[in-house]
Every structure is written in structure tokens, then in C-alpha cells.
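Start from the sequences, fold in the hints, and give me the full structure.
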Amino acid sequence: MSTTLPRAVHPAAWWGWAVGMAVAVSTTNNPILLLLALAVVALVVANRRGSSPWARAFRLYLWLGLFIIVVRVVLHVLVGLKFGTIVVLTLPGVTLPSWAAGIELGGTVYLEGLVGAAVLGLRLAVIIACIGAANALANPKRLLRSLPSALHEIGSAVVVSVSVAPQLAESVQRVRRARQLRGDTSRGIRSVPSVALPVLEDTLERSLLLAAAMDSRGYGRAGAAPRPHRFVTGTVTLAGLLASAVGIYGVLDTTTPALMGTPTLLIGLLLSGLGLWLGGRHVERSTYRPDPWRGAEWLTVGCGAAAAAALVTLSRTSPDQLAMPLTPLSFPPLPLAAVLGLLVGALPAYLTPEPPRPAPRVPRRGAREEVGASG
Amino acid sequence: MADSAISLSQVSVTLPLSTQPVLRDVDLTIAEGELALVVGRTGSGKSTLLGAMCGRVPHFTGGTLTGHVRLHGRDTRDHRPRDLADLVGVVGQDPLAGFVTDTVEEELAYGMEQLGLPAATMRKRVEETLDLLGIAELRDVALRELSGGQQQRVAIGSVLTAHPRVILLDEPTSALDPTGAEEVLATITRLVHDLAVTVVVAEHRVERVLHYADTVVHVSPSGEVRSGLPSQLMVDSDIASPVVELGRYAGWSPLPLSVRDARRAARGLRARLTATLPPGQDRPIGRSTHTPPGQDRPIGRSTHTPPGQDRPLGRSTRTLDVALTARDVVVRYPGDVLAVAGIDLDLHPGEVTAVMGRNGCGKSSLLWALQGSGTLTSGSVRATRPPTGTGTTGTAGTAGTAGTTSTTSTTSTTSTTSTTSTTGTTGTTGTASETVEPRNLPAGERRSLVGMVPQTAADLLYLDTVGGECEQADRESGVAGGTCWRLLEAVAPGIPAQQHPRDLSEGQKLALVLAVQLTADPTVLLLDEPTRGLDPTAKAALSRVLRGLAARGRSVVVSTHDVEFVAECSDRVVVMAAGEVVADGPTTEVVVSSPAFAPQVSKVTAPGPWLTVDDVRMALAGVAS
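Protein chains in written order, with my numbering: chain S, 3 to 377; chain V, 99 to 723.
The hints are simulated quantities; they were obtained by calculation from the structure and are not laboratory data. Idealized CB from N, CA, C, for every residue including glycine. Where hints are given, some of them may not hold.
[As the list claims (entries may be wrong)] A few chain V positions that, by computed beta-carbon distances, are all more than 12 Å from chain S:
{"hint": "1", "residue": "229"}
{"hint": "2", "residue": "363"}
{"hint": "3", "residue": "478"}
{"hint": "4", "residue": "635"}
[As the list claims (entries may be wrong)] With a Cα cut of at most 20 Å, we get these calculated EDC-like pairs of lysine to aspartate or glutamate:
{"hint": "5", "chain 1": "V", "residue 1": "222", "chain 2": "V", "residue 2": "238"}
{"hint": "6", "chain 1": "S", "residue 1": "143", "chain 2": "V", "residue 2": "243"}
{"hint": "7", "chain 1": "S", "residue 1": "143", "chain 2": "V", "residue 2": "203"}
{"hint": "8", "chain 1": "S", "residue 1": "143", "chain 2": "S", "residue 2": "155"}
{"hint": "9", "chain 1": "V", "residue 1": "222", "chain 2": "V", "residue 2": "235"}
{"hint": "10", "chain 1": "V", "residue 1": "222", "chain 2": "V", "residue 2": "292"}
{"hint": "11", "chain 1": "V", "residue 1": "701", "chain 2": "V", "residue 2": "712"}
{"hint": "12", "chain 1": "V", "residue 1": "222", "chain 2": "V", "residue 2": "184"}
{"hint": "13", "chain 1": "S", "residue 1": "143", "chain 2": "S", "residue 2": "293"}
{"hint": "14", "chain 1": "S", "residue 1": "143", "chain 2": "V", "residue 2": "200"}
{"hint": "15", "chain 1": "V", "residue 1": "222", "chain 2": "V", "residue 2": "203"}
{"hint": "16", "chain 1": "V", "residue 1": "701", "chain 2": "V", "residue 2": "359"}
{"hint": "17", "chain 1": "S", "residue 1": "84", "chain 2": "S", "residue 2": "114"}
{"hint": "18", "chain 1": "S", "residue 1": "143", "chain 2": "V", "residue 2": "238"}
{"hint": "19", "chain 1": "V", "residue 1": "222", "chain 2": "S", "residue 2": "293"}
This is the structure in C-alpha cells:
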């Protein structure tokens with residue numbers, strides 16, 4: 003499959019893979035497996051990310067993960083419940099009353115506790131790295147484009163509002179600079195009326211222009227469904243949502259009758275899906291160059307699922323294999339099934355088609371004028 | 099009826115919160131495959147007419163429409179704009195404001211997606227359109243990174259992919275440099291010629307479109323609409339291109355619509371004009387007849403100044419006096435964008451300088467750097483602070499501000515007061531002028547030295563009445579109450595004080611901002627594309643005001659794409675490209691030699707030095723007297 007032409011893998015496939023990896027990671031606190039999972043995720047990102055700006059955001063998630071580990075360790079030293087035998091550091095401690103059991107201010111820090119805290123932090127960091135990988139690999143705008151057609155108009159609204167935010171910042175900057183031309187350099191609360199009003203007017207004007215343009219280009223012309231049809235769609239969707247809500251409640255609350263749990267949830271989800279499908283049937287719109295769902299997508303999702311399945315199964319059969327032995331502290335085990343499962347997760351790095359090459363950037367004609375100046 | 103693409107019968111439109119109809123009993127038919135040019139003064143209802151044709155009026159804007167608007171038989175009464183999307187494409191003035199997606203290819207496909215066309219058709223049409231508009235290499239580029247001309251072509255392409263039978267364009271070239279405008283116009287004519295699309299264009303700069311038009315639709319301020327053949331309608335239209343005005347002046351019939359027509363008709367005129375040149379001069383020398391060319395800085399448009407008027411003309415004062423000196427100005431933005439690459443510039447009092455150049459060549463950045471509020475990466479900008487009382491040297495009652503003598507004298511006193519108040523703190527003696535860096539001054543003091551009207555002038559306005567803005571301007575400048583109001587009355591008389599600035603026309607808004615900035619009476623005034631969206635009348639008014647300022651010894655810099663305005667108004671032209679100055683000299687010399695920047699009259703009378711109809715009139719009148 004690596005011989006196929008470069009193309010972007012369906013964003014939903016990357017999300018499926020990333021969720022699978024995250025599930026796998028959440029079952030273990032074995033640092034070797036965690037680091038292996040991190041390496042797998044990083045490898046796939048390095049090999050298959052595109053050229054878009056958010057593709058470069060993966061590093062930010064890694065920094066966030068590191069920050070989480072540090073915070074987790076620091077918190078353990080400051081207020082964590084210390085345990086173990088190997089003393090690392092002796093701090094003056096404060097003994098709290100019995101109702102605050104579990105919190106220990108300061109006190110002697112043992113290696114076992116420290117390692118335990120670091121490993122828990124690492125697990126969270128790797129889960130976050132999985133989400134970051136999905137973000138880096140899947141173009142969020144394309145993901146919105148592949149929403150079911152009944153939800154398309156909401157998707158468009160989200161896309162538009164996302165692109166409006168930078169314009170707002172530009173407006174503020176432009177108006178603020180213009181204020182200086184009138185000799186007004188006030189900042190803070192006093193500048194609000196003189197800056198906010200022009201910005202607000204500018205934004206409203208632009209929104210109206212955009213709305214008029216979208217209207218003239220046919221946005222929202224779908225929805226010619228007959229009245230009874232609309233009624234049926236509405237009823238089905240509402241029933242589906244209600245059933246889903248009840249179902250989730252049933253699943254989470256163990257005291258409710260079994261029927262209220264998983265079966266109700268399934269029926270709810272089914273009805274919701276049916277509602278979306280019914281609603282989308284009368285939408286006369288199509289997608290330009292839709293992302294195809296082919297073998298590579300199945301493979302990507304499958305690899306994620308395999309990794310999750312391997313570790314979840316192992317956690318049921320022999321949970322010790324996935325845990326970090328802390329009492330006594332020793333080298334963690336290396337379960338073969340888990341390693342293989344995680345390695346399967348790395349296959350998309352080689353078996354999916356390569357992402358398309360970045361577009362050759364046109365040289366800028368002269369220079370862009372400053373903010374807001376299109377001329 | 100079969101061959102009429104657009105038909106309006108007895109259409110009247112009254113916008114919300116208004117009692118007067120914008121359009122009155124309009125009967126108009128535009129045949130299929132025609133290119134119709136809609137002309138009219140600002141606020142005359144051109145946009146409303148276009149809006150009515152695509153259903154935006156009244157479905158989107160509100161208001162009342164009586165009568166019937168039919169597009170290929172579809173009545174806008176029963177069809178919302180979105181239901182007409184397969185029939186009508188609309189392109190606005192600011193393409194960026196109408197973009198929904200963020201890359202060229204997706205934008206081209208957006209309209210088709212809404213229409214629910216099959217994927218294969220969409221793919222084919224996108225490729226065809228990319229080729230038709232010559233933008234195939236830009237397919238993956240982000241829309242914000244395109245130049246203005248490219249953006250406008252993408253906007254046209256994005257409506258074209260839906261294969262509409264009618265395309266409406268509302269001032270498609272007003273924000274574009276001459277070259278970008280040519281690109282867009284070539285595209286538009288291609289549509290009419292090759293695709294048999296009916297095109298309706300509203301445009302202020304009629305000289306750009308007139309010679310392509312099959313029909314001209316004239317909208318009068320009272321809302322009446324006339325239509326007819328361009329050469330017939332232009333005989334008495336209040337909006338006309340310079341070529342048409344020249345034709346009217348010379349009494350040519352039929353009226354020439356293009357430079358080519360006019361050149362053929364102008365053989366006799368050219369001979370008469372050449373005869374007015376001083377004998378022995380085989381080469382025209384430009385309007386600065388006082389100074390021999392090649393020597394020193396020419397003085398400006400002395401031929402324009404009626405004799406007996408003491409405009410500062412002397413060469414000696416001109417070369418010595420410098421209002422602002424910029425040395426090695428560099429402006430660099432984050433992301434390795436070099437906007438201004440080392441420019442040296444001297445601005446002289448009594449001179450109107452035009453800065454030209456294609457979109458994004460660094461004009462705005464240069465002006466902001468000169469003013470001192472914008473980025474200046476390196477280099478120096480020094481302004482000459484006038485000695486106390488300089489403001490009174492200007493002579494009142496020059497051509498520009500004829501009839502506004504009181505205004506001029508008021509501002510003169512204004513400048514005296516403000517200069518005294520500011521110099522009091524810095525300890526200037528008031529006898530000799532000194533140079534300061536505007537950048538280092540507090541913003542209030544800076545604007546009394548170097549004033550600026552930014553591109554989006556309305557950014558400066560935030561109060562809810564015109565009168566309130568004027569009072570605020572008086573307070574900001576520390577001048578006597580009513581100063582700004584008198585300036586405004588001189589620039590654009592008759593604006594009610596209670597009006598909301600938002601409801602003013604483009605020309606009135608500009609006048610208000612100009613008045614606000616002139617209240618501080620700066621020695622240097624910078625205007626960033628002030629002619630955008632102005633009709634010829636408003637442009638003529640602006641030109642008079644700027645000439646009046648120059649006559650009072652102020653230095654004025656205007657960045658603009660409008661070659662006709664430059665010909666009308668400026669003494670000197672600076673042409674920029676990629677952040678550098680590529681040409682700097684008297685208007686006549688720079689403009690006549692350039693194919694892109696030559697005004698129409700200059701093209702007709704080439705190689706003569708006459709740039710405007712007024713120049714021709716003056717030259718011939720001089721002979722007669």
C-alpha cells in the first residue's frame with residue numbers, strides 16, 4: 003500500500019487510531035510500555051503529518067505533557083501521600099488532622115512514591131500526546147467537512163467563526179493605531195469605547211457582507227423537505243437524544259435496572275443516527291473532492307483498535323504485566339503481547355499513503371501591507 | 099422577453115427607516131450576453147439597483163420593493179437570493195469579505211457544493227475555471243496571501259463555477275492597482291465574449307470599463323434610471339471619463355469612449371496644442387514652465403495658478419525648505435516581510451506628492467512610518483517644526499478653497515495657538531525652525547506636525563453624531579470650539595450635525611476625518627488611498643482641498659491607484675515597487691512615460707505634457723487670449 007499515490011488519509015481514521023492508542027495507554031502505568039507508545043505516536047506523526055500549520059502543533063502537546071509530569075512530581079513532594087523505604091529527600095512535614103488523611107504537607111520523600119507519581123504523570127502525558135497526534139495528522143477543517151450532511155450548516159458556521167477570530171484581532175490592532183492619529187493613546191478601560199465601537203461596527207459590517215455573500219452563493223438553500231417528513235425527522239432525533247441521555251445515566255449509575263443502561267443507550271444512538279440520516283436525505287448539497295474511505299483508512303483504524311485490544315485483554319488476564327512494580331521497586335516487566343500490540347499501532351506510519359507535498363508557495367509580491375490594509 | 103436576461107418593470111425601492119425611495123419607477127431591460135455599466139454618484143442607488151437584481155434587496159436588506167424584478171423569467175418576489183444562486187453570481191467590492199473557505203480551490207467549489215452538483219462535475223469545472231482565469235498555479239494558496247487582483251479574480255471564479263447566466267459586479271476594481279484592474283477587466287470581457295454571460299458592472303471609475311460596455315445604465319441621485327448606448331448616454335451624464343469630457347470639450351461626435359477613438363479624433367486638437375508650446379521646444383517640458391527641465395526640482399503646476407496669485411513658487415525657497423526628511427527608512431514585519439526597503443524621501447512645503455505602486459508594494463507602511471505611529475525598523479524620519487506663526491504665511495482664498503477664506507484664516511490662528519502651546523513645553527524659541535522626530539513626540543503633538551488619514555478612515559470615528567466628533571476634535575487639538583465644524587463646512591458643506599457618522603457617504607466620511615485631522619493643522623498631511631469609493635465629484639472636491647492646503651504651504655502626500663486623480667492633483671509622483679522607490683519626479687515626467695500610470699488625456703495627447711482636460715483647456719485658452 004505504500005506504493006499508492008500521496009493523499010490525505012481521512013481525518014476520522016486518524017482520530018479513530020488516536021483514540022485506540024489512548025485507550026491502550028490508559029490501561030497501563032508500565033513506563034516502558036508508555037515510552038514505547040509515545041515513540042509509536044511520534045513516529046507516525048513524523049512520517050505522516052501534512053504541511054498545515056496545526057501539523058506543527060504536536061510539539062506543543064509534548065511540552066504540555068512534560069509540564070504535567072513535572073507538576074505531578076512537584077505536587078507529590080509538596081502534598082502527596084509519601085510511601086516507600088528508600089529515602090530521597092527529607093523535608094519538614096506537617097501532620098494534618100485525621101479528616102485530611104491522604105494529604106501530607108512536606109515530609110520525607112521516598113523514591114517509590116516519586117517514581118509512582120512520575121509514572122502516573124507520564125501516562126497522562128502520553129494520552130495527551132495521542133490527542134495531539136490526531137490533531138496534527140487530521141485537518142480539523144476537513145473533519146468538519148465530513149460531518150453528516152444534516153449537520154453541514156453548523157459545520158460551516160464553526161469554520162466561519164474560527165476564521166473570524168484572527169480578523170477581530172486585526173481590527174483591534176488597526177483601530178488602536180488609528181486612535182493614535184487623533185492623539186489618543188489611552189489604554190485599558192478608558193480606551194474601550196473608542197476602540198470597541200469601531201471594531202464592533204467593523205465586525206458587524208463584515209459579518210453582514212459575508213452573510214450576504216453566502217446567501218447569494220446558495221448557502222442554506224437546502225431544506226425543501228415536505229412538512230410531514232420534517233416532523234418525523236424531528237421526532238426521531240429528539241427521541242434518540244432522550245434515549246441516549248437516559249442510557250448514559252443508566253450506564254453510569256449501577257443502582258438502576260439493567261434495561262435502563264446499555265440497551266437504552268444503544269437504542270438512543272441508533273435513533274440519533276437515523277434522525278441524522280433522515281435529515282440529510284433532503285439536503286441537496288455535495289462535497290467537493292470528499293476524502294475517500296478506503297483500505298488505508300480501515301487499516302489505520304484497525305491498527306489503533308488492535309493496540310487497544312491487546313492491552314485491554316492483557317489488563318483483564320494479567321494486570322501485573324502492565325503495572326509498574328513499586329513495592330518493592332524493581333525493573334518493570336516487558337509483556338510481549340503488549341509490545342506487539344503497540345508496535346501494530348505504528349504500522350500506519352509506513353502502510354498509509356504519504357501526505358500530499360506542500361503546495362509551492364508563491365513568492366510574495368513585494369510585501370503585505372500592514373494589518374487591515376488590503377491595498 | 100425571451101432574450102432579456104434582466105428585466106425590471108415599474109420597480110421602486112424604499113429602504114428601511116427612509117421615506118424617500120432610492121429607486122423610482124425603474125423600467126429597465128438588459129439583454130442576454132450584454133455588458134451593462136451602471137454609473138451614478140455615490141449614494142445614488144447603484145448598489146441598491148444591483149441588490150434588487152440579485153434579490154438581496156429586499157430579502158436581505160429589508161425595505162419595500164414594488165414592481166417586478168425578473169431574471170430569465172424568475173421573479174425575485176418568489177425567489178430568495180439563495181434560490182437564485184444557480185442563475186446569478188454576485189461579486190462585491192472587497193473580495194476578502196465574501197470568502198467562505200480559505201484556499202483557492204475550495205473557494206471555487208463552495209458555490210457548487212451548495213447547489214449539490216455531482217463531484218465529477220465540480221472537479222471538471224474547478225479545473226476549467228482555474229485555467230480560464232489563469233490562476234491554476236494558485237490552487238492551493240491561502241486566499242489571504244493573494245494580491246488584490248488575484249483575490250478579485252478568484253471571487254469572480256468562485257461565482258463562475260456555478261455557471262450563472264448573469265454576473266453582477268459592484269465596483270470590482272475600486273481597490274485595485276491599475277495592473278490588477280486590467281487583469282480583472284480582461285477577465286470580465288472574456289466572460290462576455292466567450293461565455294455569453296450577461297454582466298452588470300457598477301463602477302465609479304468609468305474610464306476603466308466604458309469602452310467595453312454595450313449599455314450604460316445611469317442612476318440619478320433622485321432615483322431615476324436611464325439606459326442607453328454609451329456614446330449617447332455619455333453626452334450629458336454627470337459621471338464621465340476624461341476621454342468623454344475631452345470629446346465634449348472638443349465637440350466630437352460621436353463621443354469617443356476609448357483612448358483609441360479619441361486619439362483618432364484628436365489629430366486636429368493635437369496640432370493646435372503643440373502650437374501652444376514655446377517655440378524652439380521640440381520636446382514638451384511639463385507643466386512647470388518656470389523651470390527648465392533637468393535643472394533642480396520643478397515647481398509644480400504653475401500653469402494652473404492664475405496670475406496674480408502668490409503661491410509659493412520660488413525655486414530657492416522650495417529647495418531649501420523641507421517639511422519632512424526621511425533617510426533610509428526600513429519597515430520589516432514579523433515573518434520576514436520587508437515592506438519598505440531603505441527609502442530616502444524629502445517632502446517640501448507647498449507640494450502635493452502622490453505615491454503610487456501596485457497593491458502591497460509598501461505604500462501604506464511607508465506612510466505609517468513617516469507619520470511615526472507605525473512600525474519603523476530602522477532609519478530616521480525628521481520633521482521640521484515650524485517657527486511660531488508659520489501658519490499665517492499661506493494666502494487665503496486660493497483656487498482650492500475659494501469662498502472659504504474665513505476657514506483658512508481660522509486654521510491659521512489655530513496653528514499659532516497649538517504651536518505655542520506645544521513649543522511652550524519643549525522650549526522652542528519660535529524664531530528659527532528646528533527638526534524633530536515625530537516618533538518621539540507624544541501622539542497629540544505628533545499629529546499637529548504630521549497628520550494622517552488612514553485607509554479605513556472611519557476607524558477614527560466613534561461618537562454617534564457628526565457634531566460630537568467635531569467638538570471632540572477641537573478638544574483633542576486644544577483649539578477654539580467650532581474650528582473643526584468650520585473646516586468640515588468648507589470641505590463638504592451641508593452635513594447635518596445630528597447625523598450619525600456611519601450614515602454618511604464615503605465622500606462625507608472622508609471629509610469628516612479630513613476635517614478632524616486638519617483641526618490640528620499639521621504641516622505634513624498623509625492620506626492613504628483616500629480616493630477609494632469616491633465619485634468624480636467627491637474626488638474633485640478632495641483635489642481642491644489638497645491643492646488649497648499645498649497653496650498654504652503645507653506638504654501633502656497621497657497614496658493612490660487613481661491615475662486620473664494624480665494627474666488632477668499632484669505636483670510630484672513617487673512610484674514604489676517591492677518596498678523601493680523606482681521613480682520620483684514631477685507628475686508630468688513620471689506619468690507620461692509610464693504605460694500603466696498615464697492618464698487618458700495624456701494618452702490622447704501624447705507625447706504632449708497635458709494630463710487633464712483642464713490642462714488642455716488652459717493651454718488653448720492661453721492661446722486665445
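We went through each hint and held it up to the structure:
For residue 229 of chain V, the shortest C-beta to C-beta distance to chain S comes to about 17 Å, beyond the 12 Å cut-off, and the non-interface label holds. The claim that residue 363 of chain V is not at the interface with chain S holds, since no C-beta of that chain comes within 12 Å of its own (minimum 35 Å). Distance to chain S confirms residue 478 of chain V as a non-interface residue, since its nearest Cβ pair spans about 20 Å, more than 12 Å. Every C-beta of chain S lies more than 12 Å from that of residue 635 of chain V, the closest at about 22 Å, which supports listing it as non-interface.
In summary, the hint linking residue 222 of chain V to residue 238 of chain V is supported, as the alpha carbons are separated by about 16 Å, within the 20 Å threshold. A C-alpha spacing of about 19 Å is found between residue 143 of chain S and residue 243 of chain V, which places the hinted pair at or below 20 Å, so the restraint holds. Between residue 143 of chain S and residue 203 of chain V, the direct Cα distance comes to roughly 14 Å. Compliance with the 20 Å bound is thereby established for this hinted pair. Straight-line distance between C-alpha atoms of residue 143 of chain S and residue 155 of chain S comes to about 13 Å, which keeps the hinted pair within the 20 Å bound.
Our distance criterion of 20 Å between C-alpha atoms is met by residue 222 of chain V and residue 235 of chain V, whose separation comes to about 16 Å. With a CA separation close to 18 Å, the supplied pair residue 222 of chain V and residue 292 of chain V stays within the 20 Å bound. For the hint linking residue 701 of chain V to residue 712 of chain V, the alpha-carbon distance of about 15 Å falls within 20 Å, and the restraint holds. As the CA atoms of residue 222 of chain V and residue 184 of chain V are separated by approximately 17 Å, the hinted pair is consistent with the 20 Å bound.
A distance of roughly 12 Å separates the Cα atoms of residue 143 of chain S and residue 293 of chain S; the hinted pair therefore holds under the 20 Å criterion. Proximity of residue 143 of chain S to residue 200 of chain V is assessed by CA-CA distance (about 10 Å); at most 20 Å being required, the pair is judged to hold. With a CA separation close to 12 Å, the supplied pair residue 222 of chain V and residue 203 of chain V stays within the 20 Å bound. Among the hinted pairs, residue 701 of chain V with residue 359 of chain V is consistent with the structure: their alpha-carbon atoms are about 11 Å apart, no more than 20 Å.
Proximity of residue 84 of chain S to residue 114 of chain S is assessed by CA-CA distance (about 9 Å); at most 20 Å being required, the pair is judged to hold. Straight-line distance between C-alpha atoms of residue 143 of chain S and residue 238 of chain V comes to about 15 Å, which keeps the hinted pair within the 20 Å bound. Between residue 222 of chain V and residue 293 of chain S, the direct Cα distance comes to roughly 17 Å. Compliance with the 20 Å bound is thereby established for this hinted pair.
Violated hints for the displayed structure: none, as all numbered hints are satisfied.
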